[in-house]
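Engineer: In case you want the letters, here they are:
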Amino acid sequence: MASLVPCPNCGRRPKEEFTIKGAALSRPAAGADAADWFDYVYLRDNPRGAYEEYWHHTSGCRRWLVVSRDTQTHEVAACRDAADGSRLEERA
Amino acid sequence: MSEFRPTHRPALGTKQTVSSAALRLSPLPEGTIIHVLAQPGEQDVVSFLGRFTKSPAHAVRPVSPGQWFIVHDEPMPHQEMKSLFATLEPRATGVDQSHGRVRIRIEGKMASRALSKGTAIDLDPSVFPIGQSAVTLIGHIAAHITRVGSEAFEIIVLRGFAESLWDDLARMSLEFS
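Those sequence lines, one after another, are chains V and P.
Note that this note's numbering has the first sequence beginning at 1, numbered continuously upward.
Note that this note's numbering has the second sequence beginning at 1, numbered continuously upward.
Hints are computed from structural coordinates only; laboratory data are not their basis.
Do not take every clue at face value.
Claimed, not checked - With a cut-off of at most 30 Å between alpha-carbon atoms, the simulated DSBU-like pairs for lysine-lysine come out as follows: (1) P:Lys117 x P:Lys15; (2) V:Lys21 x P:Lys117; (3) V:Lys15 x P:Lys117; (4) P:Lys109 x P:Lys15.
What the hints assert, rightly or not - Derived contacts from chain P toward chain V, CB cut-off under 7 Å, selection only: (5) Gly41; (6) Pro65; (7) Ala120.
To be verified - Far from chain P, some chain V residues (derived; all Cβ distances over 12 Å): (8) Leu4; (9) Ser59; (10) Cys61.
Quick caveat, the model's predicted, so the values are computed rather than measured.
Ideal placement from N, C-alpha and C gives every residue a C-beta, glycine not left out.
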């Protein structure tokens with residue numbers, strides 16, 4: 001796992017300061033089908049390679065971040081504040 | 001009525017100042033700490049806050065994007081705080097944290113060495129100059145660190161963790177005393 005996370009607000013920080021929520025998926029519309037919600041809430045891919053996750057900088061700026069990391073090489077490609085930029089692309 | 005009467009006493013009131021030639025650890029007076037949270041999208045809140053904080057007694061410490069602490073050694077009278085909160089609205093909201101957080105001062109030429117045992121942030125003056133603040137872990141306790149002098153730091157910590165953090169800092173300072 002990535003041990004140093006480049007927080008856009010605080011700089012490089014150790015992973016102990018963060019809480020990981022899980023995959024950064026786009027949320028279904030409020031009135032979406034139950035199957036879509038079931039998929040969103042319970043079904044997770046476990047990719048080997050590039051992965052986008054929500055991390056909370058609990059012991060730092062207390063902002064939600066989206067960390068793009070590689071589950072195989074542990075490299076962190078990017079880290080942005082979850083409030084910045086557009087919503088994630090719809091995942092197929 | 002309960003027999004138990006809560007009395008207000010300083011969180012670190014029973015602690016002895018740790019003092020040596022290289023390092024000094026002391027609790028700061030429990031005066032005023034106001035947590036300011038800006039509305040999303042507000043710009044120039046720092047200069048806006050600067051107007052209400054009579055320098056240099058009141059200091060504004062950045063916490064995270066859109067959040068600051070206003071700190072002061074003296075307690076702020078209730079009316080004064082109410083009017084401050086009123087003037088902050090609607091751009092920002094103030095929350096009185098005077099009894100919720102405790103300030104600790106660590107100073108001396110070994111202060112940054114001692115602190116570095118507990119935190120991952122780089123405390124070198126070139127990247128952490130006077131006035132710079134950071135929220136980070138000291139051991140397992142989240143704390144807010146500010147460099148207030150060339151060899152002095154102020155630590156703001158939640159009251160419930162203050163004693164524990166103090167004991168940790170005292171232990172981290174042992175080799176320099």
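Engineer: Given the hint that Lys109 (chain P) pairs with Lys15 (chain P), does the C-alpha gap stay at or below 30 Å?
Structural biologist: holds (22 Å)
Engineer: Identify whether the interface hint at Ala120 (chain P) stands, where standing means a beta carbon of chain V within less than 7 Å of its own.
Structural biologist: holds (5 Å)
Engineer: Holds or violated: Lys15 (chain V) with Lys117 (chain P), Cα cutoff 30 Å?
Structural biologist: Satisfied, since the Cα-Cα distance of roughly 17 Å is no more than 30 Å.
Engineer: Beyond 12 Å from chain P, beta-carbon-wise, is Leu4 (chain V)?
Structural biologist: Violated: least Cβ distance 9 Å, not greater than 12 Å.
Engineer: Holds or violated: Pro65 (chain P) as interface residue toward chain V, Cβ cutoff 7 Å?
Structural biologist: holds (6 Å)
Engineer: Double-check Gly41 (chain P) for me: the hint is only fine if its C-beta lies closer than 7 Å to a C-beta in chain V.
Structural biologist: violated (10 Å)
Engineer: Given the hint that Lys21 (chain V) pairs with Lys117 (chain P), test it: the Cα-Cα distance must not exceed 30 Å.
Structural biologist: holds (29 Å)
Engineer: Hey, does Cys61 (chain V) actually stay past 12 Å from chain P on C-beta?
Structural biologist: violated (4 Å)
Engineer: Assess, step by step, whether the Cα of Lys117 (chain P) is no farther than 30 Å from the Cα of Lys15 (chain P), and give holds or violated.
Structural biologist: holds (21 Å)
Engineer: Test the statement that Ser59 (chain V) is away from the interface with chain P: the closest C-beta pair must be farther apart than 12 Å.
Structural biologist: violated (4 Å)
Checked against the numbered hints above, the structure breaks hints 5, 8, 9 and 10 and satisfies the rest.
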